[in-house]
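Colleague: Here the sequence shown stands for residues 1 to 938, numbered as in our numbering.
Take these hints with a grain of salt, some might be off.
Said to hold, decoys possible - Straight-line Cα separation of at most 20 Å, DMTMM-like style, residue types lysine to aspartate or glutamate; simulated pairs: (1) Lys-816 with Glu-860; (2) Lys-560 with Glu-706; (3) Lys-551 with Glu-706; (4) Lys-53 with Asp-131; (5) Lys-746 with Asp-819.
Calculated directly from the structure, the hints in this document are not laboratory data.
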Amino acid sequence: MKEKFQFLALWFCFSVGLSYAQFAPTDKVPLDSRVKAGQLDNGMQYYIQQNPKPENKLELRLAIKAGSMQEREDQRGLAHFVEHMAFNGSEHFKKNELISYLQSIGVAFGSDLNAYTSFDETVYMLPIPTDDEEKIQNGFQVMRDWAGGLLLNSEDIEAERGIVVEEWRTGQGVDQRMRDAYLPVLLHESRYANRLPIGDMDIIRGAEEEVIRDFYRDWYRPELMGVVAVGDVAPEKVEALIRDYFGDLENPVEAPDRVYYEVPEHEENFVKIITDEEAPGIQVQLYYKHQPVATETYDDYKDRILRTMVGGMLTQRLDEIRQKPDAPFIFAGARYGKLVKGLEFFTTSGVVGPGKTRAGLRSFLEENRRAVQHGFTEGELERVKRSLLNSAERSFKEMDKAESRSLVGRYVSHFLNESFADNPAHRNRFYQEVIPEITLDEVNAMVDKLVRENNIVVVVTAPEKDKESLPTESELADALKEAKEMETSPYQEKELREELMLAIPESGKVVKVQEVEEVGITVIELDNGLKVHFKPTDFKNDEILFTGSSKGGTSLYPDKDHIHASYAGTAVNVMGVGDFSPSDLRKVLAGKNVQVTPNIGRYSENISGSTSPEDLELALQLIHLYFTAPRVDLALWEVFLTNQKNQLESAQVNPDFQFNKRVNEIISNGNPRGMGIFSPEKLDSIDLERSLEIFTERFANVADFEFLFTGNLDLDLVIPMVERYLGSLPGNLVDGKEQFRDLGIKAPQDQTELIKVGVDEKSQVILYFNGDTAYDLEKSQQLSYLGEILTIKLIESLREQIGGVYGVGARGSLSKVPDERFSFVINFPCAPESVPELTAAVWEEIEKIQTNGPEAEDLEKVRETKRISLEENLRRNGFWHGQISAAISGNMPLDTVLGATDRVLGVTGPQVQALAREFLKTEFLLKIIRYPANYQEE
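Whole structure, please, built from the sequences with the hints as guidance.
Modeller: This is the structure we're talking about:
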């Protein structure tokens, strides 16, 4: 690969300068200093980090450097099958005992306990409570059994075949069909193209048991394994446990070699166009394929930064183009990534409208060519620098607040892919020294490397109905050739001021302060009538969440205004605020932690987002502007409408779109106020002027709102800023606070609906119980218990006993808006012919609970899971913000959250049984069943 001499000279100067006093370019980037890493005599590696958040939890991972690429031809799909078998019987846990035991200690199947198989690896995930020594020991015993103690009994193998087939069935559809068509081109002449992890269902159904066991014996060996443990346990103790439980594992004497396969390069460029009658739109993907890059030295680290910069700056340019009238694409982006271990890529990809496939590809090629010929601007570089520096600094600030689950993946990736896993403080220090010194020449040299002239693949996926209007593969191949000679002009950057507000408003005044000491909340009232709640916490160092909400929403408008009101918030978000378009705003806020979004919903309007203590003033300024200065940009609005129409038009043929549209109509019971917009023609009826009038009306009186701020708040600094930017907003309490209007949207009951869509042989069953009931916090928790208990029983029955589903879930809730009601949903995908049997099995489990109440063991499983979840949530801003917001909007006491523990732990079996009897009745049931379009009822 070519590099410019100027770049080399600059790099040499840079490398011997002050910035490399600590970071010599050829030195290796160290592993996080908090990690204790090592290797057992049998070759197994381990990574251990003590981390106190959350308390009493240890995140365990078992990573194996073997996946579908290690399968023989007669084993295709068996790497994934063996992963399934890890939950179906081992030396110390009989079939179903493992899941049952883990549930009893608060580990939920799926959300906590899980695993995945990919091309080159298999990874098992197990979070373990550490408040009891036996739980820790058993957690390591589970991992040890996965590593070397699976039973793989004949009966269990046979039972699991159907479950894997059902997982395969859930993945069938247009995305799978198109992927299967283009992957052999993208992975040209490589083994990867024929080793998709889900495998061959003929092999899954019929593989000899010994062939399955062969894979486990050959590849589950300690020299290919890594254990990662991050959590609230001393490293010395964890290390001793690893040695005790894994030290005696032995490598097979005649084990097959672990070969790492390459994806060969090709001088010729390839184009693949795939059409499908169910494709929801036209996508164009331009891949510049690359061999995997090293991730070892500081030079490599800097190169990663440069690749990220190039992707970020090109994406910003593409974002500007998509907002122009008659843009060649609807949206697009650029990035560097990894497809498989043997292939990395730089891609520009996006969605285009009908008739714009060639123009879209040409635009991608032109922007890449423009970057190669003219490079980027200083302004672009400075913005991307600010963003990256901010990201590193924020991670550093949250070092001591990071939860173990967010850390463990870094070390798994380091073991599997040798990726960087340095300390956030180290990363921040490196970024702060290196990024400010990065030059345009260095970034532009990286563009030359990424945007190559060979080893390119273009993939176009499109609806069958658009086939005739698509260019041919040879025409797109010609576009690639033409790009080599394309001459472009330099990018012209628009000048932007840095300040959001030219005039700072005069402050309002606090007229009342209330302390709710029980929950640590301060409430102020301002002289414009606005009430603001503050919940200071120490859970995160650099996080503040906020919500301002008012009742009313679109419900206050007549039917004739429904569509205008529904799109009022969207219109403002599309056109921007103050003097800034959305694209301009992203530029101005680059490197800042500011997200602010206004919205008008059915029964309320709100403005919400997040920020940091340092950037809170900017966030408040933006809130002020959304209240007072929504921007009008007819060109941006027309672009938005055109793109929305194109996407809706393309989506009409997609069965998932058709199904969701029909479900929305059914649940809304035909009430137009409850139905979304699924037809492109309806978009033409939006009156933008009326939409903006409605937005202005809903945000005209700040006294009708209540705000909540949660996070790292210094009230001595925050309240004066709130006085200035929120206290200066217009507001009065003369007319009292508005209330929403009940639109009468209620789902039907005692009704069955069949929806026939799609060509794939798969169904979906939705059992939706709903009706009127008085809202009660205790009852709400009891209904949640019922959902989780029923889920446990349905997994045991529909999945483990019958083998008819891959996943199934039940959940219930109570609502207060617009009126007090309950809803309870049971949902599962399956084969069309299995619908009657599985539905009957669901009713059998419901009736058991109604007749006998929940089993005591299941009740305690749910209670323990909820207890642990609540303890962890009580240390999270999001939980407190959500609970306090619900109390404010529901007119409940602010200290309602303090009763959560009693409500969660106090649920009894008879209470759950009573709710099952009260709510789970056919008279309340709306049954929706999806079938293939050609399904014939018997």
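Colleague: Each of the hints needs a verdict: does it hold here or not?
Modeller: Outcome of the hint check:
At most 20 Å may separate the alpha-carbon atoms for a hinted pair to count; Lys-816 and Glu-860 exceed this at roughly 29 Å. Between Lys-560 and Glu-706 the CA atoms are separated by roughly 29 Å; this puts the pair beyond 20 Å, and the hint is violated. At roughly 10 Å between alpha-carbon atoms, Lys-551 and Glu-706 fall within 20 Å of each other, so this suggested pair holds. Taking the CA atoms of Lys-53 and Asp-131, the gap is about 14 Å. The hint holds against a cut of 20 Å.
This hinted pair checks out: Lys-746 and Asp-819 have alpha carbons roughly 10 Å apart, not beyond 20 Å.
Hints 1, 2 from the list above are not met by this structure, while the remaining hints are.
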